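Novice: Residues per chain are reported as follows:
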Amino acid sequence: MATPSLAQPAVRTDTARRSRRLRGDKWFAFALMLPTLLAVIGVSVYPVGYAIWTSLHNVNPSLNINTWVGFDNYRLVWGQETFRTAFSNTVRFAGSATILTLFIGMGMALVLNQPFFGRGLMRSIVLVPWAMSGTVVGILWYWIYDGGYGTLNGILYKFGLIDQYIAWLSDGDRAMNLVVLAYVWNSAPMAALFFLAALQAVPGNLYSAAKMDGASAWQRFRYITLPWLKPILALVLILSTINAIMAFDLIYFLTRGGPGIQTTVFSWLGYNTIFSFFQFGQGTAILLILTALCLLLALFYINLLDRQPKLAKIGPDEATTHDLEDDLVRRSTTTLEIARLSRKKERPPFTVNGHGWGRSRTARAWNGRLIYLPVAIIALWSLAPVVWLFICSVSPFTDLLAKPPVFWPDVTLQNYENIFTGQSTASTAGVPLVATRVPQALLNSTIVAGSVTLVCLALGSMAGYAFSRYGEESRFLRLSLLGMMMTRMVPGIAIMVPWFLLFRNAGLSNTKTGLVISYASFSIPLVLWILKTYFDTIPRNLERAASIDGCGRFQTFVRIVLPLAAPGLVAAGLFAFIMAWNEFIFALNLAQTDSSMTITYVIAQIYGVAQYGQQNYGTLFAAGILAILPPILLAFLFQRRLVQGLTAGSVKG
Amino acid sequence: MARVTIEHLTKRFRDVKAVDDLSLEIPEGSFVTLLGPSGCGKSTTLYCIAGLEDATSGDIYFDGTRVTELSPKDRDAALVFQDYALYPHMNVHDNLAFALKMRKTPKSETKKRVDQVASVLGLERLLQRRPNQLSGGQRQRVALGRALIRDASVFLMDEPLSNLDALLRFNTRTEIKRLQRELGTTTIFVTHDQEEAMVLSDRIAVMRDGVLQQYSTPDETYSRPANRFVAGFIGSPRMNFIDGDLTVEEGSTAIRSGGTEIPTGPQAAQVLGRHDRPLVMGIRPEHIRLTPHPNGDARGRVELLEPVGPVTYVDVRLGDVPLRASVPAGADLEPGQTVGVAFEPDRLHFFDRESGARISEH
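Protein chains in written order, with our numbering: chain R, 1 to 653; chain H, 1 to 362.
Since the hints were derived computationally from the structure, they do not count as laboratory data. All values reported here derive from a predicted model rather than from experimental measurement. Check the hints yourself; a few may be wrong.
Stated by the list, open to error - Straight line, CA to CA, 27 Å or less: simulated DSS-like cross-link-like pairs of lysine-lysine: (1) Lys101/H x Lys112/H; (2) Lys104/H x Lys230/R; (3) Lys230/R x Lys112/H; (4) Lys73/H x Lys101/H; (5) Lys73/H x Lys112/H; (6) Lys112/H x Lys17/H.
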């Protein structure tokens, strides 16, 4: 017989053990998150602080003299005409780019969510423009818009729509619109991807139910699809706006802020102030104003769209859910009332009041085929420019500079051969020296992007798991998650200068390691978010089962959770890889030696040579094709997993 | 309320015939159940009636009006989904009112109908809640309410009870029957649960692999199953089937199976007279009599007892033939005991062994 004195300590040990375990959970979560937190603080928070410091000083990096000037830099840039023009340009560019990205992305997603033959292939095809780097998009659209030889001119001329070639980008308004068009071409697929992932998660029965309730196609979109997309809409809106505000690559390749300053946006202005005029303090001030703008917008969007739905309060007395207590007698009388009402009306025999148009079997068969029209448009929109880039890359020199352009050239692989052999021949107008760096640069890019992917997945999965499993309970974790997501709102260009100086002091200038560190720090927040939402969908009972089977916490994470999160890991990894492979500004300024230069840097160099001298565009396009092959290949291979990985997360939004 | 007529309905998905030449007449105001195992085409049939699936061939009529090519909206049927398909982003009130909103019903009328339906289903205090704040049973009632609210031509229900726990299922079943009787709306109900079908229906349509097996009243389905499949599907525990040959010796009829002879009644002789192909005899557990002290008849050995309260299921072995019997609770039986086994002669069923079709006595 158990005596009370025996029972007492048993209870106490139990509580002690319980609280010890809870504390263990907390430490485990903290340990998982620590590397990421340190990384983000080290590579984001510190540079932002440094940037603020820089903006308050007159900086001369070569003499290493820094003079405190207070808010003079801000006052100075604020007073400039250029600043105000750049502001309105930024608003116009980002505004129109974001709206178009949302609409086109949504349209693509809606089409790709319909059943049709070849849907899997189409889902990969729309990703092509997204997988391409801004640099290649830049040279491609530069060539399309070019006033001297351009494709657009060629097509219009051939069909007799224009009498002579037009310098499209020489008019400020038109230049702005054309840059927006090229930008949206590149950015819409990502919006489409997120929307598609969310659409995939809509239970099909909701649409059936709405059809039964008499909702038309438009009403189903309005009352089912749109509300469902609302959480993901907030995310896409934030990402699109921030990306558009930070847009740099296309401006660099298409207009360089011109004509005059009519396409000069903040990022270009800040970049130029720093790297062309060496006004570090003023340039940083401009970019910090841009940063503040991004943060404000993000907060505004979150407030606007991500409000918690108003839930009814459930009082304790109402919480009982048992249906047995219901007053059957009372209900019975009401039913009879309804029955009486219905009978009073005496329902007439069924008659058709709709017109029934378009519902005959043949009409329906045709309706099914109607989807191929938008599908064809999307395919054309996504592929035609890329196919044209490929055709150009196998065109001989003379065909490229022909007026009107030769759409079916004498195919030659000379441009590719030149890159790999460094030889120039008569048909290519000489090969710039920098083109011979392409193979090395491809290798560098592979190493950098691969390392970034590994680092992001390792750190992001641990931290994502910590947030997913313990984030609700700990205020500290919640706040650090918010903080990390906020770092995604800081435009990379804004912290260029601190990075530049940091790298120099740490001996990381012109090293791959430096690039990996900076790219990883940019990608981690998004990777973290994708993985956290994916982990949220993995049932906790699996971990409980594993712990009963004798797995430790970390073992459970590695052996049970990670394998199940494969689609999420693929999606997040792909994002990290493509982001790193395609990055341009940092590559342009921080890695200029043979052993560190990436493919985007090399393409910019070939572009410079081709544009201002030798006109060897064939080499440029061949390098462009080589540069987009790896990410496009990955996007094709992992498209299904990419959508899956995002879908699971988007259920919760 | 409408009379629903299905004529030669066929529905193909690629190469699979989900519904194969189905014809049914569902009288106005009646409660008809489509019953069958999963994959038998019952839900597909329901979706074709609703207009959510297009018939490959054949026609559907409401009150004699052809609706085969009408959209769900124009058919005006109401459907209760198996998983309820409540709109997660709307509260209960908006879920109920959605159909009326789509039909541009005036606000005052909408409010009246919502209040009425809410009070019928006891949802008054839940109107402001979202689906994820409701219990399974409450969600189910909202789903029912969504159908009730709009005075539909026909109610369609796709296994509406299968996600409820046992007690709730029992109560809701009663509730649905009561509502249907009081409102008198034509109702087509899909289930794989034969008990539900028996309790609720005016008529049951048993389906298998897209083909209609039998369409009759619950009583008829139970007592005169059209074939071996229906016989096995209706009734719990399942009907016993014995492969055997009929023998008639000196006026007494017996079925011989695996070295055992089981005496049958004189009716069996009539069957024998017209049927010389191999056959299967069927007997329901509740129509087997076990006697503790065997007296001449067939003798069996009790193997297992499963008391379920009012009755006890008994596994008996008759020679090589395993049988399951259902006897009143408290019967004096023990495993290993030898008992006399007798079949109620007018409760025997005979089926063709090859085709499975019922061999009629008449």
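Novice: The structure should be examined with respect to each hint, and the outcome stated for every one.
Specialist: Status of the hints after comparison with the structure:
1. The suggested pairing of Lys101/H with Lys112/H holds, with an alpha-carbon distance near 13 Å, which does not exceed 27 Å.
2. As the CA atoms of Lys104/H and Lys230/R are separated by approximately 25 Å, the hinted pair is consistent with the 27 Å bound.
3. Proximity of Lys230/R to Lys112/H is assessed by CA-CA distance (about 31 Å); at most 27 Å being required, the pair is judged violated.
4. Simply put, Lys73/H and Lys101/H have alpha-carbon atoms about 13 Å apart, close enough for the 27 Å limit, and the pair holds.
5. Of the supplied pair hints, the one linking Lys73/H and Lys112/H holds, its CA atoms being roughly 22 Å apart against a limit of 27 Å.
6. A hinted pair counts as satisfied when its Cα atoms are at most 27 Å apart, and Lys112/H with Lys17/H does not qualify at roughly 45 Å.
Of the numbered hints stated above, those contradicted by the structure are hints 3 and 6, listed in ascending order.
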